[in-house]
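Asks: Chains as they are written, first to last, in this note's numbering: chain A, 1 to 223; chain B, 1 to 203; chain C, 1 to 907.
No wet-lab data here; the hints were simulated from the structure. Any given hint might turn out to be false.
What the hints assert, rightly or not - Counterexamples of contact, computed for chain A against chain C with all Cβ distances above 12 Å:
{"hint": "1", "residue": "22"}
{"hint": "2", "residue": "23"}
{"hint": "3", "residue": "78"}
{"hint": "4", "residue": "107"}
{"hint": "5", "residue": "113"}
{"hint": "6", "residue": "115"}
{"hint": "7", "residue": "120"}
{"hint": "8", "residue": "198"}
{"hint": "9", "residue": "212"}
To be verified - 20 Å max Cα-Cα, derived DMTMM-like pairs, lysine to aspartate or glutamate:
{"hint": "10", "chain 1": "B", "residue 1": "64", "chain 2": "A", "residue 2": "4"}
{"hint": "11", "chain 1": "C", "residue 1": "22", "chain 2": "C", "residue 2": "12"}
{"hint": "12", "chain 1": "C", "residue 1": "69", "chain 2": "C", "residue 2": "598"}
{"hint": "13", "chain 1": "B", "residue 1": "64", "chain 2": "C", "residue 2": "12"}
As the list claims (entries may be wrong) - So the derived list for chain C, only partly shown, Cβ under 7 Å to chain B, looks like this:
{"hint": "14", "residue": "660"}
{"hint": "15", "residue": "661"}
{"hint": "16", "residue": "666"}
{"hint": "17", "residue": "753"}
{"hint": "18", "residue": "765"}
{"hint": "19", "residue": "774"}
{"hint": "20", "residue": "777"}
{"hint": "21", "residue": "781"}
{"hint": "22", "residue": "837"}
All C-beta atoms in this analysis are idealised placements derived from N, C-alpha and C, irrespective of residue type, glycine included.
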Amino acid sequence: MSPDLITGMVAFLFTLMILSYLIGDNPLFRVAVYIFVGVSAGYVAAVSIRQVLWPDLLQPLYQGFLFGMSLRQAVLAVPFFLSGLLLMKAWPPLSRLGMPAMGLLVGAGAAAAVGGAVTGTLFPQVNATIAAFDITGVTSPESLLNAGLVLAGVITTLVYFHFGARTRADGSVRRFGLIEIIAFLGSVFLAITLGVLFAGVYSAALTALIERLHFFGTFFGFG
Amino acid sequence: MRIAALVLAVLTGVIVLVGYFIPVLNPIQTIFLTWAIILAGTAALVGVFNLILVHGTKISQREKGRIYSAILLICLFAAFFFGLVLGPDHPGMRLLVNAVIVPVEASLMAVLAVTLLYASIRLLRRRANLMSVLFIATALLMMIGSATLPFGEVGALNNFLRPWFQHVLALGGARGILIGVALGTLTTGLRVLIGADRPYGGK
Amino acid sequence: MAEPIICPVCGESNPADMEFCKNCQSRLLPLTGPLKDEDGPIHPGQIPTKKVTAELEPILPEWLREARKQARQSAEDEPTITGGDKQTKPLTQTPDLLAGLADQNKQGDEDDETPDWLRSITGAPAKKKKNEQDSSQVKWVELGHNEEPGKDVPGSESAGLPWMRGGESAPEKDELTEWFKQAASPAAPSGENLTFTKTEAPAPVQPDRSTPTTPVSSAGEVPVGTKDIQPYERESVKDLTGSALSSDIEIPDWIKKLDAETPSAGQHTESGKDAPSPAFSSDTDIADWIKKLDSGTPLVGQQSESSKETSTPALSSDKDIADWFKKLDSETPPPGQQPSSSKETPSPATMLPDVPDWLKSFDEAAGAGQSGTESGEALPDWLKTAGPSVQETPAGPAPAEPAIVQSQPIPEKNLPLSELPDWVSSLTPIEPRAAEPREPAVPAFQMEAPATSPAEPVSSVSALPTEPPAASPAGPVPAASAFTEIPESSDDVDAIFASMKIPDWLADITPSQPSPEEGLPPAAQAEEPIEPAELPSWVQAMRPVESAMRDSTAGPLDSRLEERGALAGLQGVLPAIPGATAATSKPKSHSIKLDATDQQQAHAALLEQILSAETAPVPMKADSVPRSQRVLRWALSALLIIILGGVIFGKTQIFPLPAQVPNETIAAIQAVEAIPADAPVLVAFDYEPATIGEMEASGASLMDHLLLLKHPRLALISTSPTGAALAERFMASTLAQRSYQSGAQYVDLGYLPGGLAGVFDFSQNPTAVMPLSADSAEVWNTQVMQGVTHLSDFAAVIVLTDSVESGRVWIEQTELARGNAPLIILSSAQAGPMFVPYVDSGQVKGMIAGLNGAAGAEQANGGLPGFVRRYWDAYSLGLLLVVVVMFLGGLWNLWLGIQDRRVHEAG
């Protein structure tokens with residue numbers, strides 16, 4: 001029995017166990033999910049150690065300990081110490097010790113997110129919205145209309161997420177009338193966008209179902 | 001610890017952010033980012049340890065479903081042991097991925113096809129308003145436009161209406177969402193960088 | 001100018017600066033407010049001082065505040081209750097926290113143990129009690145004969161006999177003592193107070209007060225005695241005895257008649273018949289039964305007395321004071337008044353030099369009991385444990401009673417238990433050691449079986465619901481404090497006993513001080529006693545001051561002061577002698593029903609409901625899905641699986657691939673074709689196994705096209721832990737036709753953690769961030785990665801992703817470092833629409849989203865590798881099927897929803 005056959009049989013069993021959820025929640029489904037979570041967690045832990053911690057942290061420190069520390073290796077003492085603190089978060093009584101490491105993680109992530117949002121999305125997307133009206137780039141009235149619709153979609157969508165409001169005399173809280181109208185248009189754009197996204201999600205799910213059925217066909221020799 | 005966390009967060013954030021625009025700071029920026037990568041790898045271990053603690057507690061306290069927890073822990077330790085010894089790139093570990101992780105996740109995604117269909121059918125019963133109708137109608141239009149018929153395509157639908165929806169109307173909405181997300185990211189990130197928000201536990 | 005302070009004990013007017021009464025040495029001012037020694041701890045055994053906690057009241061729950069309010073209200077009202085105004089005043093001296101619950105007694109619980117005769121005494125309408133027969137039977141047991149007293153006197157109920165019960169319930173006690181108080185307020189200025197004279201009956205029995213009463217009922221008997229007894233209640237123990245039977249006091253006729261007449265217990269009813277009252281004679285005329293009662297009475301009294309009796313000064317060796325009277329002092333608060341207030345009445349006994357012999361005999365018996373306590377011989381444990389409380393009398397200012405008792409030698413009397421009947425001996429935990437021979441310690445009522453009535457006043461006194469003596473050794477100070485709470489009627493008593501003088505012998509009475517070993521049980525003596533904990537002042541403030549003070553007059557079971565252990569210093573925490581009376585009498589069935597108002601019970605029920613809701617398992621909602629919905633789900637599942645499975649298994653190719661290729665797909669193909677041959681290309685595998693089918697189908701054609709045309713050197717990377725494995729799978733199976741080998745044509749850099757920070761760092765310095773491959777091999781100096789040191793050195797960056805976030809990370813974070821390298825997105829259909837803006841902005845050179853986008857790429861690649869074609873029929877048919885189902889189902893559910901809303905609006 002070849003490894004591929006064993007793999008196929010196991011995969012077939014797990015597929016059946018998961019698809020049994022279509023009938024209803026059952027122990028087979030639960031067993032499959034628990035096994036999946038366990039295997040995934042163990043695999044992730046092994047990957048983290050073998051592909052991240054060992055080559056990037058432990059091995060340089062170990063080599064530096066054996067053959068003398070270079071500056072780069074010595075600097076790794078800081079993440080080594082912080083990693084130790086971060087592991088304390090797994091134990092609730094000492095979880096507070098992990099706060100500095102989390103602070104470094106969050107700080108780096110926040111800075112990267114800010115920089116990436118500004119340089120990768122905000123400026124380019126605003127620029128692209130404006131550039132659509134560049135006369136030199138406009139090839140037809142149709143493209144200009146489309147650019148206008150895109151601009152309308154962008155603005156109205158952004159306005160839709162503006163939730164500033166005032167309290168009226170009767171006590172009700174409403175947005176300004178103009179904002180309300182624009183926000184309504186924005187909701188229309190959002191509904192269309194989300195509909196497109198839903199179609200994409202369903203297409204992905206349907207493709208996954210097809211792929212599983214194709215796997216069945218392959219396993220039984222029909223594929 | 002709170003002060004240390006705050007100092008580290010602000011210091012790291014400022015250095016990384018300034019490094020975007022001042023290349024001179026790139027070496028320092030890289031050091032901090034490398035530390036962050038290492039800590040992110042450690043954070044994955046923290047998550048796994050937490051999973052072990054949770055299910056270990058369920059087993060020790062004989063809670064309901066402890067059998068499942070035992071199965072989970074057995075599989076976890078087995079995968080971790082072999083992954084650590086053999087390495088994730090070992091053919092045996094790839095077989096494990098292909099035999100367990102891939103079919104289970106793909107099957108869960110396949111189940112989603114039925115679930116989403118069922119949910120979309122019942123949507124109009126729960127919320128029969130203009131936005132729901134527009135949402136469903138757009139989805140139907142996009143799906144019809146994505147498919148072909150045995151005798152060929154519906155030209156106007158496949159070649160005009162669907163692309164126009166996706167590249168004009170949905171583009172405007174998607175861009176608005178992306179810009180909004182970017183603005184939100186900018187605001188939230190700056191609040192973290194100035195210490196106003198401390199999601200790392202400093203309140 | 002400060003006003004003079006009226007001594008709450010003796011009523012003596014004292015200067016404002018006096019801390020203790022110059023007459024009785026009782027504390028004039030309670031230790032309220034700041035503690036005398038605020039920071040100093042208090043010791044166990046020390047009665048807590050009152051602490052003002054009113055400012056804390058707002059934080060209490062509403063029901064508790066209401067209960068406390070009721071408690072205060074009742075405390076304020078009780079002293080003003082007179083005569084027959086309060087017919088059935090609830091009397092239980094509940095702990096402070098439950099003080100408000102006392103009003104529950106007003107509602108006349110059916111389970112209340114108050115006998116009918118007591119109800120009649122207090123003026124309340126007599127209720128037919130279910131256990132009436134039982135009550136009589138109890139009496140019979142105590143009397144030692146089978147004769148039913150009620151049969152002797154028709155219409156009479158066991159008026160006096162319940163007094164003899166050792167385990168009288170608290171309500172009974174309090175009602176009776178309240179009645180005593182009413183009877184003892186003849187000099188009260190209020191016209192409502194009844195004066196118990198020979199011709200005036202107490203109001204409770206005589207609704208019409210203006211009419212001269214015929215004191216024939218039990219109510220008529222008791223008041224007379226009460227008149228004598230009542231002052232004792234207001235005085236310290238030492239005052240009781242003398243005043244009770246002093247010749248200086250007018251002896252009522254019924255007492256005088258007592259010698260000759262021995263009415264039955266049935267005469268103590270409210271029947272209104274002329275029942276002869278037990279006539280307490282003067283010191284010269286004492287009935288034999290009383291003399292015989294000498295030794296028996298204290299014993300009876302002990303039935304209901306807790307161990308505190310041994311710790312009270314009343315039990316000290318005062319041979320002139322009957323012990324049971326001392327107990328009576330504190331145990332019988334006057335009716336309609338707080339029990340503690342009874343002690344405010346100056347004791348006429350202190351002014352009575354003459355004590356009748358029969359009372360002396362009582363005293364001696366009690367003294368014997370006390371001596372027994374001191375000797376420590378044959379002491380029951382409960383009694384021994386009570387002993388140390390005397391020693392632990394706080395050093396603080398204490399009333400004069402303990403000191404007086406201490407100075408008095410303790411008469412000893414040997415009362416052989418063998419001479420006593422079994423039930424009496426069982427009641428006698430002390431071994432009497434009389435200093436002088438006494439009369440046989442046989443209860444009078446046993447000697448004179450029918451003559452229970454004469455004994456009733458005595459036995460009832462001893463067995464009356466007792467209040468803890470205010471002058472208990474452990475708690476003299478709080479007792480004095482308690483007096484200050486209810487100063488009423490002290491003036492009245494003053495008026496009564498203004499002419500009385502305290503005898504010298506009383507002034508010298510000091511409480512006996514048994515050694516600790518004597519008071520301790522044998523086990524406790526052998527062991528090292530637990531070191532009393534020093535309680536900080538804040539703990540002292542938390543102690544139930546009110547309850548502690550009231551408990552000092554609450555009852556025998558509540559008055560025990562814990563001296564050692566964790567409960568040291570608390571009073572009434574544990575029952576003193578559980579079952580002490582059970583040996584001789586029918587166990588008293590105490591009501592276990594909590595005195596709580598309906599509102600409080602509602603609150604408790606609500607709390608219980610909340611708690612139970614917190615712990616109750618929540619049923620899974622999945623089980624509550626209607627069957628019709630499950631059937632619909634099964635139908636949809638079957639429809640999709642059968643149709644799609646049939647198409648896949650049939651390998652049909654009915655549905656053509658779309659002829660229209662999306663623009664972004666064309667751009668992606670163009671971008672790939674623009675990549676130089678044999679150039680390094682970075683490929684990020686950032687999708688999850690869930691979408692592996694779609695991603696492999698979507699990316700296979702373009703990647704195959706790339707490999708087929710340009711033979712690039714690939715560097716694979718992933719920000720997902722499973723990405724590396726998926727990348728290997730993609731290269732090994734999906735692109736198997738290209739025969740790319742790891743290390744030769746591509747390298748797997750492995751897992752890049754850190755999310756956007758990791759991608760940004762990698763984009764800045766890839767060689768430093770990912771120095772090794774997934775198999776820990778050097779990659780950047782290999783042939784595959786030759787010439788690559790920066791991200792911009794790659795000819796292209798291709799990202800295979802099924803997530804908007806991961807794709808956006810690659811777009812944003814590599815924006816600056818990518819240089820001229822094109823970014824190509826191979827996306828799942830679910831994320832494709834969100835990448836369109838980036839494609840439109842030019843940040844992404846090309847994109848293939850889902851099967852629809854991959855169809856064009858596959859066609860451009862000559863139909864290779866064919867994944868799209870393999871899936872397309874099922875995909876198209878599935879989409880159409882879904883559209884139909886969704887459309888029809890949507891219309892049906894829309895109509896159902898409209899119907900539901902109509903029904904809802906109509907309903």
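Asks: Which of the listed hints are broken here?
Replies: 1, 2, 4, 5, 6, 7, 8, 9, 10, 13, 15, 16, 20 and 21
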